[in-house]
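*Asks:* So the chains spell out like this:
Number of protein chains: 4
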Amino acid sequence: MVKGIKITTIGGGSSYTPELVEGFIKHYDELPVRELWLVDIEAGKEKLEIVGNLAKRMIEKAGLPIEVHLTLDRRAALENADFVTTQFRVGLLEARAKDERIPMKYGVLGQETNGPGGLFKGLRTIPVILDICKDMEELCPNAWLINFTNPAGMVTEAVLRYSNIKKVVGLCNVPIGMEMGIAKLLDVDHSRIKIDFAGLNHMVYGLDVYVDGESVKDKVIELLTDPNNTSFVKNVKGLGWEPSFIRSLNLLTCPYHNYYYKTKDMIEKDIKKAKEEGTRAEVVLKLEKELFELYKDPNLAIKPPQLEERGGAYYSEAAVRLITSIYTDKGDIQPVNTQNNGAIASIPNDSAVEVSCVITKEGPKPIVIGDLPIAVRGLVQQIKSFERIAAEAAVTGDYDTAVLALTINPLTPSDTIAREIVDEMLEAHKEHLPQFFPKKEAVKA
Amino acid sequence: MVKGIKITTIGGGSSYTPELVEGFIKHYDELPVRELWLVDIEAGKEKLEIVGNLAKRMIEKAGLPIEVHLTLDRRAALENADFVTTQFRVGLLEARAKDERIPMKYGVLGQETNGPGGLFKGLRTIPVILDICKDMEELCPNAWLINFTNPAGMVTEAVLRYSNIKKVVGLCNVPIGMEMGIAKLLDVDHSRIKIDFAGLNHMVYGLDVYVDGESVKDKVIELLTDPNNTSFVKNVKGLGWEPSFIRSLNLLTCPYHNYYYKTKDMIEKDIKKAKEEGTRAEVVLKLEKELFELYKDPNLAIKPPQLEERGGAYYSEAAVRLITSIYTDKGDIQPVNTQNNGAIASIPNDSAVEVSCVITKEGPKPIVIGDLPIAVRGLVQQIKSFERIAAEAAVTGDYDTAVLALTINPLTPSDTIAREIVDEMLEAHKEHLPQFFPKKEAVKA
Amino acid sequence: MVKGIKITTIGGGSSYTPELVEGFIKHYDELPVRELWLVDIEAGKEKLEIVGNLAKRMIEKAGLPIEVHLTLDRRAALENADFVTTQFRVGLLEARAKDERIPMKYGVLGQETNGPGGLFKGLRTIPVILDICKDMEELCPNAWLINFTNPAGMVTEAVLRYSNIKKVVGLCNVPIGMEMGIAKLLDVDHSRIKIDFAGLNHMVYGLDVYVDGESVKDKVIELLTDPNNTSFVKNVKGLGWEPSFIRSLNLLTCPYHNYYYKTKDMIEKDIKKAKEEGTRAEVVLKLEKELFELYKDPNLAIKPPQLEERGGAYYSEAAVRLITSIYTDKGDIQPVNTQNNGAIASIPNDSAVEVSCVITKEGPKPIVIGDLPIAVRGLVQQIKSFERIAAEAAVTGDYDTAVLALTINPLTPSDTIAREIVDEMLEAHKEHLPQFFPKKEAVKA
Amino acid sequence: MVKGIKITTIGGGSSYTPELVEGFIKHYDELPVRELWLVDIEAGKEKLEIVGNLAKRMIEKAGLPIEVHLTLDRRAALENADFVTTQFRVGLLEARAKDERIPMKYGVLGQETNGPGGLFKGLRTIPVILDICKDMEELCPNAWLINFTNPAGMVTEAVLRYSNIKKVVGLCNVPIGMEMGIAKLLDVDHSRIKIDFAGLNHMVYGLDVYVDGESVKDKVIELLTDPNNTSFVKNVKGLGWEPSFIRSLNLLTCPYHNYYYKTKDMIEKDIKKAKEEGTRAEVVLKLEKELFELYKDPNLAIKPPQLEERGGAYYSEAAVRLITSIYTDKGDIQPVNTQNNGAIASIPNDSAVEVSCVITKEGPKPIVIGDLPIAVRGLVQQIKSFERIAAEAAVTGDYDTAVLALTINPLTPSDTIAREIVDEMLEAHKEHLPQFFPKKEAVKA
Ligand SMILES: [Mn+2]
Ligand SMILES: [Mn+2]
Ligand SMILES: [Mn+2]
Ligand SMILES: [Mn+2]
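Chains as they are written, first to last, in the UniProt record's numbering: chain A, 1 to 445; chain B, 1 to 445; chain C, 1 to 445; chain D, 1 to 445.
Think of the hints as simulated: they come from the structure by calculation, not from any bench. Heads up, a few of these hints could be off.
Same chains, same names: a pair is fine if it fits in one copy or spans any two.
[Stated by the list, open to error] Computed cross-link-like contacts, DSS-like style, restricted to lysine-lysine with a CA-CA straight-line distance of at most 30 Å: (1) K45 <-> K296; (2) K273 <-> K166; (3) K289 <-> K217; (4) K26 <-> K134; (5) K439 <-> K3; (6) K217 <-> K3; (7) K272 <-> K105; (8) K273 <-> K105; (9) K361 <-> K184.
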């Protein structure tokens, strides 16, 4: 048996890759990576070269025997992989910009993982992920698929429901971010904070929060509603809740909850921002260009600090932590997207949820949640329904199903607006949605 | 044992009463009413006299031995009652007008059973209903409470959860209205239509629909999405759905679904209407005045046809049909609000649901639904959560709980707007919400 | 469209058939049977002739235009049938005698629907039923399958789980028998008794019992435990419970519960009886011979009263009542075996249960039970598990699965005895269990 | 705040105590015990002195600053305790001997935690535990109750259901024993073995088993059914299963499963053994006498090796491991009895189950199991029902409820035998079952 593990990163030309590589370098003792395969598509060839060469320099500098392979041949990259990570973006940032711009025309949130943007990112991404799964079945049936690609909840749902790959985990940096936020609020080290997470991707709640094992939820809620604490509240995105609401909700929220509990304000804010500085995709497009300029520097052999502005903080930490715990059968607790199997009552057993899990060599095992608090049960179920129906639309290419998914999304103001947005976005993303545009058979050969 | 049954109608001075009386007259053979007690409060004394005297004339004309009692003494009216029906309105139509007007100022739906209006009608009504339940425990512990008072789902939830009265049924005319609508669409007699109802009050779906026992759902959906059928669609309130949406939803909707699937349009329409002709309460105030003028006519001894414009069609039919089936142990199927007990998976067993039930002497027994279709599971759960938290706020008088209830309601655009509406409406309805305004103890005796 | 309905009775040569025919005659007004196809296998040809000719004479005497067809061609009989009833016995009474005799050698209950006998009757029957289902898919896809063949619960489970026929109902006379027993105990007419049934076939409980819609359960329990009432108790099979037990169980039991709550006594009694007068199959063999002698009489044109001794009372009544309610979309309540779909909590949704259902043209719709009383939840689940695993063994022909099914059956004293009984019974029934004895491929052609 | 923790051991005079003390000594670094209070009743005073003095000598020898307090004053012992462990035996071994002897007269298993013995041990123990809980509420409301007293499942159920103490864990050495057995079978170190445990106390299954995180269940099942491996199988109690059964069950069993899957053999074996060498209680009585003679030796300052013959191996290890993980918020995984809360589907959320849990400062959090395998779902539910109804009988002192509990127990051959055993055992244990023998009020003062 070959020693060390083989990791395949699909979308390896991403600007995030240096962070991931940094993680592998830092944790090499626990996680002996033998081969790292960065794979991308033709259109991403140049970026792959740039970022791949930076990765090689970083590893060389660290003096580690990790082989880095750069390739456009996905099948070669998958063969005998131990872990497959996915971080690609179908249609690149240009498609994301459309996900953001088009809904705003209808007064609807333009964001890449929620509402219409989340739906269409899912419609573009899911067929590709399922295609990867088919290759994995054949080429690396025992590998774990660690999916970072958004919308990660919908993608995990689709893999569980429509592929034969059962070793799949969806990963997000939101839970770590929540821990960091609480650590800062309480001024204690991150390592002392634990949160009981439950919900869905980008719809995850903290049911309780502990410092050194003792619940501090009451104190946290008190701080969050303390009028003298507004300086903090203002600084921490997503925590500016009405005190009466957050006291009676009595849960920790995640930043994306703003879209659902402050729908009107968020849409207005995002539309204003898009006007003034461009949408997030447009901003990131510029950032990325600068980053890749930096990456090209043959003297650069570390992750450049400017990467942090790009967002996605802790993604690499989350990924390496997860892969390490699976590889070493560590048995620690991490919040991930996995099959519910009864962890959250009233969510179907075969659906994906984001919950605190024990991480073993056999993957994540959810810790029991039982009933979600009554106040959030409906919203969580509704987003789950949205994810499920969206995944179905992605697989079937059925127009009516796509309209249904968007209509029941709580961010959509009406069935008619849902239909209009679907119409415009289908057309705009046509190139990446072949399932919705079946080719007519040629009349004559 | 005394023969015949005693019915007590709380809010007996309502303009609906003649319809109810007409029902008792029509079904006297099956349902031998011995005594009908119409009870109202001091402020409703005059109406009670008018409507009560009309009732007496109607019964006299029918030649039936039904005693009609008019009283302001609720306890006397409840004593040994067999059925107690409730149709009162705390704060009268003036309060309803506030429920409608205030939310509109915030761009939010102003309606008496949904959103902020539903919340505040519940907050005013539930303490009164629970008080009636306490009297019933003492004065007529074996009686059935047939509640018409809106929001009927929330009220039934509150009775099940916070009183010792278990013999309670919540009643609504929406399901019958749906049957009538389908009958008209298909041009068949109402008696041949059956619908499998499932959901909550004012959030009820038809899972399937039959003519003479054979499913015609596909045909109905086809008609509803037929572009050549628009004249019908436009005429039937609440059926003007996007064809793609209703095809993939594949369920019958109720008119109130418009508020949730066409939120933006409905709010705009209602605000416009309120400006032009006044809110529904304001319109009804006028209608009622005219009706009571008619009722005063000593020569009138039938239900005047003008009552039908008042709305509430079939309420009386629903009530008499239900009471008769309980009384005669008929075992027919009727849609009512009752304890879920597992009928709808994922709704708590002890919550109220609106489902098709077998009606026996022991009350309604739900027919199993199982899982609701995935597309509607979240919305139904969310409204149920709203009802439950609203009921809790009504009982505890807790401000934070009221804000929570309104924030999680899908018609509310943000926690801040929820809080602002709660603040303004609490003040506006102060007189009828003593639980939120505990009296300070006098400093000196 | 042809008027009237076509009924196909598989196992038409059964001695029960005259009862069924009598039922069709009595209810012809409601249930206009156009054709009755009695179909049997070659080995049953003679009986089919005898009983078929009696049927013809009965119908002629009644003056009804029902065509009776006698055939060995099952496919011809199934074509365009509206209802298919099954009442066959694979291996005839001789096989049943083995089901009874062999277990007794091991000190285990020998009975045809419980324990090892039930298992092996299932193993023989299920492949035949599934074969019929396949024919039905092709020849009468809209027909209802009304299954009388025991073990009816296991057979219904198998059809739901392993065939594409969803229009299946399992039928048993035990519930009617319980109603009759209570009627006799209370000395009221059967028509005034209603019982809320819940459980499984031959493991069904009465949760409550009503006379004219009012619960009389307390009174019934009191009578059943009244020492002065022993004459009754002794006469009614299965009701001689310890007063302390039945008081705290607080449910109506069915006769088969004796096997589970009086295991030791029942086995001893049955072994003694088998020694003295033969097993039930052996007794019935004699009875049947006498019956068929009677049936041959060309002057006989009614169901002979001697048939009642054969057992199976009310089976025909149950069958005709069910078929009529489906055909006429009656909406009355009958206890049948159907898919659980959430009616009984903790039983899988896709399993068969025996519960009170509303009977419509779309088939039976269970009335919600919710949680079974805690005292019986385990036993019911255990029998359901037995049925499910037995059905799996019947389909797969897997030896280990058969041993597992018998080991977990509560009537089996040990895994070793289970294995020994399976071994002996497999051998004894070899001819009718081809799935367990795959033919070895011929070495040479 | 006082440093170190206070542990109170009720039934401190038990012969097991030296093992517990040894555990505290070994793990002092992680678990700094400040005070150990051994408390017993008047009748156990002498034993308490003997064992308590041994404990003091052991601690002195170890050179640790643990104070040992010996007392008959339970309230003083409980005050401000951090952990309360319970290991008492109401009625002492003499009562256990009756639990064993009486059922055997009726041909029923005589054993202290299963069948009639389990029922009566529960009836004697539960009122005492609930009394301790009441004291704890007052004297040490934040303490954890770690219950060793059998029947531990029933006792945990009773505490969860009938006391206000929610910080309770039931503990058993069976799961560790299963791990040890597998370790021996596979010849690997115990530390490398992990089992996913699910079920109830003394009815726990291993759903899967891992060596270094990789499933070896198939291999284990193969070894257990390998005819060449019989020497092992014979040596490991409870593993001599029929190969066909254990292959299709496909689970790890615990030794107590023999009583349920080999009922007949086990009863016969136990009756024979009781005749030849006395019941287990009678054997232990002798063993204990010898042990206490050893304990008296003032030169003895270690746990004498003879204690191991007493049984209860690993109990101390399990207890110290659990207390340490709670105290240090370790987050490791241990199998304990705790509230289900949805971990095992179909077991009520508020019931006690024995499952693998993450152990934190907030106590055990179950890892999700979902559905138990269909083959064991019924038996597990039946034992849970037995435990629940037995707990109810223990609290109410209701005779009928006790008969019901025993009748539904799968080890009881009939309702009549259940009633007879209850009658005889109630009389035999009268002194310790005051709830069943309410004092009549004196006629005259
Ligand atoms: Mn994310
Ligand atoms: Mn209504
Ligand atoms: Mn039967
Ligand atoms: Mn134990």
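*Asks:* Please go over all the hints and tell whether each is borne out by the structure.
*Replies:* Consistency of the hints with the structure:
1. K45 <-> K296: within (14 Å within a copy, 82 Å between copies)
2. K273 <-> K166: neither (41 Å within a copy, 51 Å between copies)
3. K289 <-> K217: neither (42 Å within a copy, 53 Å between copies)
4. K26 <-> K134: neither (32 Å within a copy, 53 Å between copies)
5. K439 <-> K3: Result: close neither inside a copy nor across copies, 47 Å intra and 48 Å inter.
6. K217 <-> K3: Answer is between; shortest inter-copy Cα gap is 25 Å, intra-copy 45 Å.
7. K272 <-> K105: For K272 and K105, both the intra-copy (12 Å) and inter-copy (24 Å) Cα distances are at most 30 Å.
8. K273 <-> K105: both (14 Å within a copy, 27 Å between copies)
9. K361 <-> K184: Between. Shortest inter-copy distance 22 Å satisfies the 30 Å Cα cut-off; intra-copy 32 Å does not.
The structure does not agree with the numbered hints 2, 3, 4, 5 stated previously, though it agrees with the rest.
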